[in-house]
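J.: Order-wise, the sequence lines are chains E and Z. Residue numbers for the first sequence follow the numbering used here, so the first one is 11 and each next one is one higher. Residue numbers for the second sequence follow the numbering used here, so the first one is 350 and each next one is one higher.
Calculated from the structure, these hints are not laboratory results. Hints are supplied without guarantee of correctness; some may be wrong.
[Said to hold, decoys possible] Heads up, simulated DMTMM-like pairs for lysine to aspartate or glutamate below, C-alpha to C-alpha not over 25 angstroms straight-line:
# : chain 1 : residue 1 : chain 2 : residue 2
1 : Z       : 405       : E       : 212
2 : Z       : 415       : E       : 198
3 : E       : 206       : Z       : 389
[To be verified] Listed next, with one range per pair, are the computed distances between beta-carbon atoms:
# : chain 1 : residue 1 : chain 2 : residue 2 : range
4 : Z       : 402       : E       : 380       : 43 to 51 angstroms
5 : E       : 146       : Z       : 402       : 26 to 34 angstroms
6 : E       : 167       : Z       : 417       : 44 to 52 angstroms
7 : E       : 174       : Z       : 424       : 54 to 62 angstroms
8 : E       : 98        : Z       : 391       : 16 to 24 angstroms
Remember, it's a predicted structure, so these values are computed and weren't measured experimentally. Glycine included, every Cβ here is placed at the ideal spot set by N, Cα and C.
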Amino acid sequence: MLFAELKQNLTRDFSALPKRRLALLGDSATQFLAKAIKAYGYCEKINFEVYEADFDQLNSQILDPNSELYHSQPEYIVLYLSAEKLLDRFATTPLEARTDFAGQITSEIESWWTTIARHSKARIIHLNFIEINDAVFGHFAAKVPSSFPFQSKRINFELMQLAQEQKHVFLADVAGLSSAAGYAFAHDPRLYATAKVAFALDFLPAVAKAITDIVKAISGNVMKCLILDLDNTVWGGVIGDDGVENIQIGDLGMGHAFDHLQRWAKELQRRGIILAVCSKNNEDTAKKPFQEHPDMILRLEDIAVFVANWDNKADNIKRIQTILNIGFDAIVFVDDSPFERNLVREHLPAVTVPELPEDPSLYVAHLSALNLFETASFSDEDLQRTRQYQAEAARNDFQKSFTSIDAYLGSLGMVAEVKPFDDFSLPRVAQLTQRSNQFNLRTIRYTTADVDRLRNSADYVTMSFQLADKFGDHGLIGLIILKQLDAATAFIDTWIMSCRVLKRGMEEFIVNQMVRQARDRGVKRLVGEYLPTSKNSMVKDLYGDMGFAARDGKWELDLESFSEFKTFIRAK
Amino acid sequence: MSQTREQVLAEVNRVMCGVFNNPSIQLKYETTAHDVEGWDSLNHIELVLAVEKHFKIRFNFTELQKFKNVGDMCDNLVAKLAKAGNS
Chain E
11 MLFAELKQNL TRDFSALPKR RLALLGDSAT QFLAKAIKAY GYCEKINFEV YEADFDQLNS
71 QILDPNSELY HSQPEYIVLY LSAEKLLDRF ATTPLEARTD FAGQITSEIE SWWTTIARHS
131 KARIIHLNFI EINDAVFGHF AAKVPSSFPF QSKRINFELM QLAQEQKHVF LADVAGLSSA
191 AGYAFAHDPR LYATAKVAFA LDFLPAVAKA ITDIVKAISG NVMKCLILDL DNTVWGGVIG
251 DDGVENIQIG DLGMGHAFDH LQRWAKELQR RGIILAVCSK NNEDTAKKPF QEHPDMILRL
311 EDIAVFVANW DNKADNIKRI QTILNIGFDA IVFVDDSPFE RNLVREHLPA VTVPELPEDP
371 SLYVAHLSAL NLFETASFSD EDLQRTRQYQ AEAARNDFQK SFTSIDAYLG SLGMVAEVKP
431 FDDFSLPRVA QLTQRSNQFN LRTIRYTTAD VDRLRNSADY VTMSFQLADK FGDHGLIGLI
491 ILKQLDAATA FIDTWIMSCR VLKRGMEEFI VNQMVRQARD RGVKRLVGEY LPTSKNSMVK
551 DLYGDMGFAA RDGKWELDLE SFSEFKTFIR AK
Chain Z
350 MSQTREQVLA EVNRVMCGVF NNPSIQLKYE TTAHDVEGWD SLNHIELVLA VEKHFKIRFN
410 FTELQKFKNV GDMCDNLVAK LAKAGNS
């Protein structure tokens with residue numbers, strides 16, 4: 011997309027879009043970038059209110075707690091230091107100090123990050139440096155620690171290491187964008203010389219997309235599932251016509267192009283994206299390559315939900331969505347057929363349906379350039395996800411053989427572990443507060459640092475719930491944050507539960523546990539609140555169902571008269 | 350391809366309406382930045398880049414500094430396009 015096209019969005023009506031306050035601080039002129047961010051926000055239905063600091067005012071804006079930066083109360087602070095300015099600074103660094111140029115720059119940046127965290131709750135989106143070769147040593151610079159290319163690569167590397175420790179910092183890989191587009195595209199020397207604008211205008215849409223992608227991921231808007239078509243998407247040819255020996259994968263025909271797509275999908279699955287199949291085929295025929303073909307990279311155990319039949323794909327995707335219990339807006343559907351793509355777009359507009367090039371060897375390059383799977387966190391639980399959903403699919407089958415729900419629940423052998431938040435659960439807890447949209451009573455988002463503060467405060471009680479049954483371990487599926495308001499009252503600040511464990515008595519179990527903890531502290535009543543969002547209507551009646559009484563827009567449970575619910579979950 | 354001064358002015362006018370998101374701009378040869386609302390240094394940069402892209406030419410820095418009004422830019426464009434057409 012060209013800047014001139016993107017800019018047309020600025021004339022649109024933003025008034026219905028949710029606002030996000032974003033501050034932009036740079037050491038070069040940032041006006042065009044600010045425009046690009048605002049305009050790109052429209053593509054993603056975000057109304058960015060951009061506060062732009064004066065040119066090159068990073069130090070004063072960040073260090074002064076009363077600066078305009080902090081007064082603008084940003085939710086996001088974009089820090090943008092240009093590679094060109096970095097090169098100027100390198101040139102004025104004495105020769106003997108150059109081998110530690112990177113250390114000096116990164117420690118300055120790190121101190122900005124920590125200072126910002128002291129004065130603001132904003133998340134920082136830090137743009138890394140384009141890695142320019144100043145051609146002073148040529149390629150040999152790679153072996154010269156005092157050269158600029160050596161030091162600028164080191165800076166980017168060290169920023170990644172520092173950012174791991176700073177949970178409120180997110181790096182935008184501008185160096186990666188520049189190497190994809192080319193430095194001649196990313197930077198216009200005339201624009202920089204005449205106006206100190208370091209990004210070329212037509213590079214700005216890519217930078218604005220990176221920033222917006224990160225903002226979306228932080229606010230919990232992430233893709234969780236990739237649904238794949240099979241014929242001519244996962245392999246070349248039509249399995250029903252060609253037979254398992256003749257489909258193109260591995261060395262046959264265009265096989266390597268399809269290998270590439272399968273490897274990419276497999277990597278996504280390994281990092282916690284759920285894979286599903288949606289194919290017009292007989293189920294047995296469609297499964298055959300996964301079971302029998304030696305060159306298939308994807309195997310049946312990689313696929314959480316496998317749907318192959320002759321119904322229309324929109325209905326089948328609805329089925330997959332029901333089993334997985336995730337939003338349509340967390341689903342990406344990849345299909346080589348324009349007909350199927352359009353059908354799904356038409357019937358399920360919330361599903362992301364990328365175009366696909368006709369040439370299969372371009373599939374992965376095209377899809378990865380879209381950056382569909384941005385995330386704001388990564389934990390060990392992500393790795394377990396496919397197995398959990400497969401167990402859920404098995405549970406669904408198992409469920410059919412029981413007529414009484416109680417008999418079914420009793421037979422599951424459910425065991426729950428209840429613990430205050432600890433060092434291990436901390437990142438997962440923060441991630442759940444950021445991502446959970448449906449079973450989330452108040453949708454308060456917390457960072458790891460926030461959660462850490464709460465669990466160490468005497469006014470709060472924290473509880474995490476892990477659930478296992480005979481089919482497998484669900485991992486951490488629920489969390490509660492109670493805040494003691496006074497000697498007799500505790501407020502349910504946060505109640506989040508995974509939709510995977512609905513309707514099996516977990517809600518009742520959680521209430522029982524809250525009541526026990528509250529009684530131990532001498533509390534006489536629990537107060538809950540439901541704050542509606544566009545996605546959490548499933549819990550609007552939860553407190554009523556749990557025996558809470560409505561009062562003043564909130565819900566109260568009298569602990570003196572409360573008697574525990576019967577559940578089929580044993581506390582570990 | 351060579352173009353007349355009038356043709357060039359009309360095209361510059363069209364490019365400018367796009368850059369300024371304002372379809373009602375009417376340029377004359379003697380128009381300067383003071384005469385058009387919103388023609389600040391930032392929009393000026395965008396305008397120059399867009400004109401270059403549109404006519405597939407490049408201005409150099411000294412040329413840009415000499416332009417006193419829209420007419421100067423048009424004359425420069427007419428000369429550049431004639432040269433490109435002849436070569």
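J.: Output the numbers, in ascending order, of every earlier hint that fails for this structure.
T.: Per hint list: single violation, 4.
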